[in-house]
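Peer 1: Let chain A serve as the given structure and place chain B on it in line with the hints.
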Amino acid sequence: MEIPYTVKPRPDTGLYNAKLGIWLFLASEVMLFGALFSSYVLLRVGAEPGTWSMGLMDLYVGAGNTMVLIASSMFVVLAWAELKQGNLAGYKKWKWATIACAVVFLCVKWSYEWPSKFKHYDVWLNDATVLHEKFEKGYHAEAKRLASEMKLSDYGDAHSSDVEKHVEKIYTTRFFKEPSDASKTAFKQGWANGTLALSGHINGYREAVINVQIGEWDAGAGVTQDEAKVAVNTQGGDGDQAFDGGGPVLANLDYEAAKRAEYVLGQAGFKVTLSVAKYSDRVDAHPWFWRTPRLSEDIGGKPRVHSIFLGLDHSKDEEGLHHQEVEIETLHISRLSAYEPKHSTFFGIYYTITGLHAAHVFGGILIMLYNMLPIGLGLWHRDREQFTNRIETFGLFWHFVDLVWIFLFPILYIL
Amino acid sequence: MSDSHDSPDFINDLVRLFYMVGGVLVVGTIITFAIDLAFSLPLVWAAVIGLTIALVKASFVVAIFMHYKWDKKLIMITWTMVITFFFFAGMMGLIMWADGDAPNLARKEMPTIWVVLASLLGVALPASFTVLTVKMLSQPAPVEAAVPKPRRASKKRIN
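Chains as they are written, first to last, in our numbering: chain A, 1 to 415; chain B, 416 to 574.
This is chain A alone, in the form it adopts within the complex (with noise of 0.2 Å):
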């Protein structure tokens, strides 16, 4: 079947119809980010002081995403000239450098924007003075030669108050950029009440090593006890020991052999039991998307995890930084969590708006792939002035895309 008017305009509507087709399609996506623009707007408003991170957010990095969008939409709208021009090869260079641009684009998302925030990690702890504590072993030397460096005399000689300053330093970066009233208000409550999170990267932990006491055989579990043993055997114990009473013990095993133990002896038929026995010396490990019940899991009654160390972040403008690192026990924590979609508010609506305009990205990519392949290219040969059109109607779309950004820009990196 032949579609009417792709070239020549419908005489009612006055567009071919492709064109009226992508229109249509942009009105829809409108109404789909404008809910989703407008979500996040009334969210930033209605936001608790202190609960919006976009200090977290790099302008820099934002700022030259933005240029290179721009550009993109620069190259596919000249593309689209060129061939009004008939010139095929000034389309391909122009195409070509629309899709470097995209790519970069999601490149510097996927690889970079993302995933440094699925590193970083938010520490809520449940005693206020533990993580006073904490602030200050992670701090102290900071605050001192920041006190030193700027020559503050209202420092004083008190470490605590060193040591407060500096950390609401850095909580008014991240949710409030500039200091004021309600920056301060909202600091000095979450320093008295502890409910501030201390922030950084897992540097490393120290797990359960873990002892599988193997108990009494349940002879009604359909297992042989032929087969009991093999599967005592499997799991590194004496199948035959299994069966004398009091049972043996499979000795210092980690978490993974532990959980592969406990689960292949209930199937056998055995009671088995877990218990700590040590903790693991230190494991370094930069650990992506954790969460507190990793951390508490309970084994014989203890956590999983005996502490993780947390190397602190220090406040943006001081360049060239060690992260101060801490040791933080598990029973300590009251939330743990990674910059994730789960994390909060904010990175919730954050994922879900630029997640869906990357995806907008990522389709546009394989579109112009698609019309620079010979299978596209067929249609050039066929009919120059409906793939001059294809070609204009996938611009509107990539316009559209750039758009989203232009918006999405000063809404994320600047309110």
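Because the hints were derived from the structure by calculation, they are not lab data. Careful: at least some of the hints might be erroneous.
[Said to hold, decoys possible] Here are the simulated distance ranges between beta carbons: (1) A:I375 x B:T467: 37 to 47 Å; (2) A:E325 x B:V442: 43 to 53 Å; (3) B:A453 x A:I375: 46 to 56 Å; (4) A:P11 x B:V430: 26 to 36 Å; (5) B:A453 x A:T51: 25 to 35 Å; (6) A:G363 x B:V442: 24 to 34 Å; (7) A:G90 x B:I490: 27 to 37 Å; (8) A:E48 x B:K484: 40 to 50 Å; (9) A:H140 x B:V442: 41 to 51 Å; (10) A:T352 x B:L535: 18 to 28 Å; (11) A:I375 x B:V441: 34 to 44 Å; (12) B:L452 x A:E385: 46 to 56 Å.
[Claimed, not checked] Facing chain B, from chain A, some residues (calculated, C-beta under 10 Å): (13) T13; (14) L15; (15) K19; (16) L26; (17) T66; (18) A71; (19) K84; (20) F400; (21) L408; (22) P410; (23) Y413.
A quick note: this is a predicted structure, and the numbers were derived from the prediction, not measured. Think of the CB as a built atom: it goes at the ideal place given N, C-alpha and C, for glycine as much as any other residue.
Peer 2: What follows is chain B alone, placed relative to chain A:
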């Protein structure tokens, strides 16, 4: 784009225009960026300035890059969007006027400025579209508009 605009000269003019708009967009971004770095603006002003610049940039993209300026037949869609914007602005205004949520039975911060801002946005967006539309309507009719409409088939005809 209408057929009357396909001459090589016109395309050359267009390309010049495209570069100009690209320049406008870059300058707009730099201004937004610089203002945020140079001044510590309160939320309200950051929003007003940031969104206004974004609006100007967006208008240029729609008008020039998306050839809206020359597509005089998109008026139906324009009006659909205008009405949609008014609808959303009204909806946002309604939410803005909410008194507060449990357990905070009243808002401490005065939200009035946000109501004003939302209304401003709601007026500014459709206003820019309206201005564009009026401008387009005031231009002479395009050539292909002279093509006579095909007559509608009579409803009574059975075959």
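Peer 1: May I ask you to test the interface hint for A:Y413 with respect to chain B, counting a Cβ-Cβ separation under 10 Å as satisfied?
Peer 2: OK, holds: A:Y413 within 10 Å of chain B, min 7 Å.
Peer 1: Was the hint right that A:T66 lines chain B, CB cutoff 10 Å?
Peer 2: Hint holds; A:T66 Cβ to chain B Cβ min 5 Å, cut 10 Å.
Peer 1: Honestly, do B:L452 and A:E385 meet the 46 to 56 Å range at C-beta?
Peer 2: holds (47 Å)
Peer 1: Going by Cβ atoms only, is A:L408 closer than 10 Å to chain B?
Peer 2: For A:L408, the interface hint holds, since the closest Cβ of chain B sits about 9 Å away, which is under 10 Å.
Peer 1: Was the hint right that A:K19 lines chain B, CB cutoff 10 Å?
Peer 2: Where the cut-off is 10 Å and the nearest Cβ of chain B is about 8 Å from A:K19, the hint holds.
Peer 1: Does A:A71 meet its interface restraint, that is, does its C-beta lie within less than 10 Å of any C-beta in chain B?
Peer 2: holds (8 Å)
Peer 1: Against chain B, run the beta carbon of A:L26 and see if the smallest gap drops under 10 Å.
Peer 2: Holds - the Cβ of A:L26 comes within 10 Å of chain B, reaching about 9 Å at its closest.
Peer 1: Starting from the hint 41 to 51 Å, judge whether the C-beta atoms of A:H140 and B:V442 obey it.
Peer 2: This hint holds: roughly 46 Å between Cβ atoms.
Peer 1: Confirm or reject the claim that A:E325 and B:V442 have a C-beta distance inside 43 to 53 Å.
Peer 2: With a Cβ separation near 44 Å, A:E325 and B:V442 satisfy 43 to 53 Å, so the hint holds.
Peer 1: Against chain B, is A:K84 within 10 Å by beta-carbon distance?
Peer 2: holds (5 Å)
Peer 1: For the pair A:I375 and B:V441, does the Cβ-Cβ distance stay inside 34 to 44 Å?
Peer 2: Hint holds: Cβ distance 35 Å, inside 34 to 44 Å.
Peer 1: Does the beta carbon distance between A:I375 and B:T467 stay inside 37 to 47 Å, or does it fall outside?
Peer 2: holds (44 Å)
No hint from the list above goes unmet by this structure.
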